[in-house]
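Peer 1: Sequence:
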Amino acid sequence: EVFTFNKVEIEVQPSFKVKNGDPMSVVCHADISKSTDFQLKHNFTIFKDGKVVFTTVSDKGDARYEIPVARSSDTGVYECTVEAGGKTKSSNSLRVWVKGMTKPILTVEKKEVLEGEVVKLRCELPEEEPPLYFYFWKTKMNSTPKEKDVFEPYRNFSVVEFAVEEGDNILQFDCFVKRYVQSEFESSEHSNKTLVTVREPFIKPTLSVKPSSNITEGDRIQFECSTVVARMRDIEIILQKNKTILSSVRDEKILKYSAVATLEDSGEYLCKVEQGKASKTTKLNVDVSELFPKPILAASMNKLDENKELTLSCSVSGFRKANFSILRKNSNGDVWLKNSRNLTMRVNVNDTGSYICKAEVKGIVKESKPVRINVYAPVSKPALSVVSGLPEVVLGKPLRLICRSATGTPPITFTFYKGNEVKKTVINDTYAMFLDENIRQNDKRGYKCDAKNNHSSGVKTSNILNITVIVPIRNASLGSVPYGVVEDGSETAFLCSVSEGSWPILFRIFRKTDHEVLLFEKSENADRVMWRKEAMNRQDTGTYYCIASNRANVDVKSHPITISVILASWQKGIIAASVLIPIAGAVIFTLWWFLWKKKKAKGPSMEMSSSALATNMTSEKLARQHNDGDYYSGSGYIEDSENHMKSTDESKGPDLESAEVEYTEVEVSTLDPHRAPVQKGTETVYSEIRKANN
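Residue numbers (full-length UniProt numbering): 1 to 694.
Among these hints, one or two may not hold up.
Derived BS3-like pairs (lysine-lysine); straight-line CA-CA distance at most 25 Å [claimed, not checked]: (1) Lys-148 with Lys-110; (2) Lys-17 with Lys-51; (3) Lys-381 with Lys-452; (4) Lys-120 with Lys-193; (5) Lys-283 with Lys-241; (6) Lys-338 with Lys-362; (7) Lys-89 with Lys-60; (8) Lys-146 with Lys-280; (9) Lys-110 with Lys-48; (10) Lys-452 with Lys-308; (11) Lys-381 with Lys-444; (12) Lys-193 with Lys-99; (13) Lys-243 with Lys-193.
These are computed hints drawn from the structure, not numbers from a lab.
Predicted model, so just to flag it, every value in this text is computed and none were measured.
Given the sequences, and given the hints that come with them, work out the whole structure.
Peer 2: This is the structure:
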């Protein structure tokens with residue numbers, strides 16, 4: 001038994017667009033091919049918007065889902081699936097639209113209410129499914145409906161309340177519903193209309209005033225507000241003017257209020273009666289005539305010097321019979337000065353302030369506009385100084401000046417001058433600041449400032465302030481004599497100099513080996529300084545540099561120089577002598593030993609010959625010394641040595657046998673290990689000088 005699904009189809013009868021309330025059928029059809037005619041069970045499942053709405057099992061190839069009364073909630077996307085013999089196939093999806101909605105049902109909690117109460121409404125669509133949008137209308141006779149809307153995502157009904165307001169009598173209520181279908185809103189028809197009767201808990205209040213007309217300042221006026229109520233409980237009457245409550249009563253039908261009329265009492269009055277949520281109001285305009293105008297306060301002058309005389313005068317236009325008083329305004333309450341039309345006083349700076357006068361007629365008190373009086377103390381001579389303290393500035397930096405007057409009534413006008421040129425004008429209380437950013441090295445102009453206020457004494461000028469311009473250090477350099485290589489024990493001079501900078505200049509010389517060592521420090525009124533180190537030693541080898549600074553507080557460092565301390569010449573000679581003398585002794589000893597052996601071998605004849613030869617040579621030497629006077633000093637030694645060397649070169653080496661031995665006295669200085677050039681004494685040494693026979 002073999003079968004296969006050809007296709008599965010779904011359709012809606014009579015159409016995929018159905019009117020709300022009409023019957024609707026969803027039919028699922030399975031087209032199957034079989035190898036033989038055998039019985040096959042079909043499991044039909046119908047879905048709406050992905051949810052199962054119908055299932056059945058049939059041996060037929062069709063299944064029908066009947067909806068006798070279609071509603072808008074039946075709108076959606078339908079699809080069917082057929083399973084048979086372990087095989088499953090689904091149809092295409094089909095969108096169905098049920099147009100229209102059922103008529104909603106409106107119910108009202110009470111058909112008769114009082115003003116201030118509420119009407120509770122319920123609108124319901126029992127055959128529709130949420131989400132739904134409910135709209136409620138409240139309609140007064142011959143007026144536009146008031147609407148309230150409520151969204152119900154999970155219920156098919158909604159409840160709202162409408163307040164019953166003053167003036168409501170017969171009210172009509174209805175509702176309708178909307179839902180969102182096919183990307184647009186679909187609306188139901190309106191519900192049944194329901195009427196509600198409104199009864200007044202009390203009548204509109206009556207407001208009256210006595211006297212009813214020709215009210216003048218000073219007259220006593222009386223207000224009366226009354227109403228008629230159905231029940232007295234929780235009734236309240238309120239009298240207001242410009243939102244200010246003047247008086248109120250509870251659980252009474254009449255309110256009375258009286259006061260002495262003033263010009264400020266003119267305006268609109270409101271009487272309000274409240275009970276629960278009900279409220280009714282009545283308005284009344286009252287006009288109060290002026291008894292006399294506001295007084296006017298005049299001052300002999302508004303700005304004056306201290307110790308001057310001030311006169312204040314109070315008057316009422318066209319009205320002389322009044323009680324006057326003059327006062328000074330104060331935040332803690334006005335200060336009374338005098339009960340009079342006029343006040344004369346000698347003022348000081350503490351009298352600065354605002355003054356008023358009051359006039360009283362028939363119990364009515366009126367106040368003038370305030371008059372401002374300013375009393376000035378003269379400014380003191382201003383003091384001009386540099387903010388940082390010292391009267392100096394570093395070239396390239398701004399100069400901040402402050403001009404201050406110890407006394408003087410503000411505001412004070414300060415004027416800054418550089419030379420005779422006005423640089424800035426500032427109005428402040430006691431001081432002013434000035435910033436000069438154009439500082440030049442050779443600018444000799446002094447600074448000064450003026451101070452003045454409204455006192456008649458005029459302008460005060462400070463002393464002239466001269467500023468020293470500090471030129472920062474530039475291009476520090478370090479040199480030494482000798483430079484680079486120095487003999488041990490010798491003197492070295494170091495010179496630290498700068499190309500520019502204001503005096504005094506602090507010079508410091510450092511040596512840097514493993515760490516920095518300060519060797520020399522001195523402040524000079526010069527652009528250079530020299531330091532002599534008398535005796536250098538091997539530990540002084542290293543890198544040297546100098547740092548120069550002045551009041552500009554900028555350290556300028558030179559390029560480093562390197563000093564190497566080596567052995568002195570005499571120290572080298574001692575070392576050489578200590579090495580060469582033992583070597584020379586060894587050579588002489590070896591030569592002597594060789595000659596001694598040779599002499600011993602020649603025998604006595606040779607000794608005689610040698611003795612005669614030595615005797616002759618000695619005699620000749622002594623005779624030559626005596627006759628020729630050949631004596632050599634130090635310089636003669638050097639010259640003769642030169643002649644000897646020349647002679648030797650010319651003769652190609654003289655016969656050593658014919659050479660003569662001579663002795664010369666030479667002065668030799670003893671070397672100080674620390675200061676080699678100084679002589680300490682004279683020694684006589686003997687040097688062999690060999691001359692040729694010729």
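Peer 1: Give a verdict on every hint.
Peer 2: Results of checking the hints against the structure:
no. : hint                 : result
1   : Lys-148 with Lys-110 : holds, 19 Å
2   : Lys-17 with Lys-51   : holds, 20 Å
3   : Lys-381 with Lys-452 : holds, 9 Å
4   : Lys-120 with Lys-193 : holds, 14 Å
5   : Lys-283 with Lys-241 : holds, 10 Å
6   : Lys-338 with Lys-362 : holds, 20 Å
7   : Lys-89 with Lys-60   : holds, 16 Å
8   : Lys-146 with Lys-280 : holds, 21 Å
9   : Lys-110 with Lys-48  : violated, 42 Å
10  : Lys-452 with Lys-308 : holds, 19 Å
11  : Lys-381 with Lys-444 : holds, 24 Å
12  : Lys-193 with Lys-99  : holds, 24 Å
13  : Lys-243 with Lys-193 : violated, 40 Å
Of the numbered hints given earlier, the model fails hints 9 and 13; all others are met.
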